[in-house]
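Chemist: Just so we're aligned, residue 1 is where the sequence shown starts under our numbering, counting upward by one.
Bear in mind the hints are in silico, worked out from the structure with no lab data behind them. Everything numeric in this text was worked out from a predicted model, so none of it was measured. Here a beta-carbon is modelled for each residue, glycine too, at the ideal position from N, C-alpha and C. Fair warning: there could be bad hints in the mix.
What the hints assert, rightly or not - For lysine to any residue, the following SDA-like pairs were computed, each having C-alpha atoms within a straight-line distance of at most 25 Å:
{"no.": "1", "residue 1": "Lys-220", "residue 2": "Phe-198"}
{"no.": "2", "residue 1": "Lys-242", "residue 2": "Pro-57"}
{"no.": "3", "residue 1": "Lys-242", "residue 2": "Val-159"}
Stated by the list, open to error - Derived CB-CB ranges, DEER-like:
{"no.": "4", "residue 1": "Leu-171", "residue 2": "Pro-245", "range": "38 to 46 Å"}
{"no.": "5", "residue 1": "Leu-171", "residue 2": "Phe-103", "range": "39 to 47 Å"}
{"no.": "6", "residue 1": "Tyr-74", "residue 2": "Thr-186", "range": "41 to 49 Å"}
{"no.": "7", "residue 1": "Arg-107", "residue 2": "Ile-216", "range": "26 to 34 Å"}
{"no.": "8", "residue 1": "Leu-209", "residue 2": "Leu-171", "range": "16 to 24 Å"}
{"no.": "9", "residue 1": "Pro-245", "residue 2": "Ala-8", "range": "43 to 51 Å"}
{"no.": "10", "residue 1": "Thr-146", "residue 2": "Arg-40", "range": "21 to 29 Å"}
{"no.": "11", "residue 1": "Glu-45", "residue 2": "Ile-216", "range": "20 to 28 Å"}
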Amino acid sequence: MGHPDPIAFTIFGIDIRWYGILIACGMLISVLIAAKRAPRHGFTEDDVLDVCIWMLPIGVIGARLYYVLFNASYYHSLRDVLDIRSGGLAIHGGIIFGMITVFIICRRKKIHPLNMLDLFMPCVALGQAIGRWGNYFNGEAHGGPTDLPWAILVDGQLVHPTFLYESIWCLILFFALSWFDNKKRTAMGQTLSLYLIFYSLERFLVEGLRTDSLMIGPFKQAQVISIAAIIAGIILYRYVSKKYPLESK
Numbered sequence: 001m002g003h004p005d006p007i008a009f010t011i012f013g014i015d016i017r018w019y020g021i022l023i024a025c026g027m028l029i030s031v032l033i034a035a036k037r038a039p040r041h042g043f044t045e046d047d048v049l050d051v052c053i054w055m056l057p058i059g060v061i062g063a064r065l066y067y068v069l070f071n072a073s074y075y076h077s078l079r080d081v082l083d084i085r086s087g088g089l090a091i092h093g094g095i096i097f098g099m100i101t102v103f104i105i106c107r108r109k110k111i112h113p114l115n116m117l118d119l120f121m122p123c124v125a126l127g128q129a130i131g132r133w134g135n136y137f138n139g140e141a142h143g144g145p146t147d148l149p150w151a152i153l154v155d156g157q158l159v160h161p162t163f164l165y166e167s168i169w170c171l172i173l174f175f176a177l178s179w180f181d182n183k184k185r186t187a188m189g190q191t192l193s194l195y196l197i198f199y200s201l202e203r204f205l206v207e208g209l210r211t212d213s214l215m216i217g218p219f220k221q222a223q224v225i226s227i228a229a230i231i232a233g234i235i236l237y238r239y240v241s242k243k244y245p246l247e248s249k
C-alpha cells in the first residue's frame with residue numbers, strides 16, 4: 001500500500017494539502033471536545049476559547065521553529081521557512097510553546113494553568129492521532145524497511161507505518177486520559193503528568209524505527225526529549241499529588 005496524492009484539491013491555483021486539512025481538523029475537534037468538557041474543571045467554554053485562540057497559532061509557530069532549528073541546513077530563505085504546507089512541524093516544539101502560552105494566559109485570567117492543562121492533554125492526544133495521518137499523505141515520518149503485512153510503500157520500498165503506530169497509541173491515550181481525568185484525578189497536574197509519561201514512552205519506542213529523525217549530535221532528539229519528559233512527568237506527578245489536591249481549587 002503506497003501513500004495517496006498529498007493534494008486534496010486545488011482552488012484558485014493553490015494546492016490544498018491533506019496535511020493541513022488533517023492538522024486543522026485535529027485542532028478543531030480537540031478544541032470542541034475541550035470546550036464541552038470545560039465544566040468538569042470549573043471552566044466555561046469562553047475560558048477554553050480564550051486560551052485556544054492564543055495557544056493554537058503559537059503552538060504551530062513553535063512546532064515550525066523547532067523543526068527548522070534542527071534542520072537549518074535545508075532552509076535557505078524566509079519563504080522556505082514559512083512553507084509549512086509541505087510538512088515540517090515538530091510536535092515537541094508545539095507542546096512546549098503551547099504549554100508556555102497556557103501558563104501565561106491562565107495567569108492573566110487568574111485561573112490555574114495546571115487545571116487547564118489537565119483539561120487539554122487528552123484532547124492534545126486526540127489531535128495528534130488525527131494529525132499524524134497528514135504524514136501518511138505526505139509520505140513522511142515513516143520507519144525503515146519491513147515485510148510486515150501492514151507495511152506501506154514509500155519510494156518503491158515497504159516500510160514501517162510509524163505514523164499509524166503513533167496515531168493508534170494517541171487514540172488509546174485520549175480515551176485512557178479522559179477516563180482518568182473524569183474518574184481518578186485527585187490533584188491538578190496529574191493528567192498532564194500521565195500524558196508526558198505515556199506519550200513520551202511511545203515516542204521513544206517508535207522514534208527508534210523512524211528514518212527521518214531530527215538529531216542532537218549522534219542521538220535522536222525526540223528520544224532524548226522523551227526520556228527527559230518521562231522523568232519530568234514522574235517527578236511532576238508526585239509533586240502535584242501533594243501540592244495541588246483538588247480540594248484546594
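Chemist: Hint by hint, say whether it matches the structure.
Modeler: Status of the hints after comparison with the structure:
1. Lys-220 <-> Phe-198: holds, 18 Å
2. Lys-242 <-> Pro-57: Violated, because 34 Å separates the two Cα atoms, which is more than 25 Å.
3. Lys-242 <-> Val-159: Violated: Lys-242 and Val-159 sit about 46 Å apart, past 25 Å.
4. Leu-171 <-> Pro-245: 38 to 46 Å: violated, 30 Å
5. Leu-171 <-> Phe-103: 39 to 47 Å: Roughly 27 Å apart at Cβ, these two residues miss the hinted range, so it is violated.
6. Tyr-74 <-> Thr-186: 41 to 49 Å: For Tyr-74 and Thr-186 the Cβ distance comes to about 46 Å; the hint holds.
7. Arg-107 <-> Ile-216: 26 to 34 Å: holds, 31 Å
8. Leu-209 <-> Leu-171: 16 to 24 Å: holds, 19 Å
9. Pro-245 <-> Ala-8: 43 to 51 Å: About 47 Å separates the Cβ atoms of Pro-245 and Ala-8, which means 43 to 51 Å holds.
10. Thr-146 <-> Arg-40: 21 to 29 Å: At roughly 42 Å between Cβ atoms, Arg-40 and Thr-146 fall outside 21 to 29 Å, so the hint is violated.
11. Glu-45 <-> Ile-216: 20 to 28 Å: violated, 40 Å
Of the numbered hints stated above, those contradicted by the structure are hints 2, 3, 4, 5, 10 and 11, listed in ascending order.
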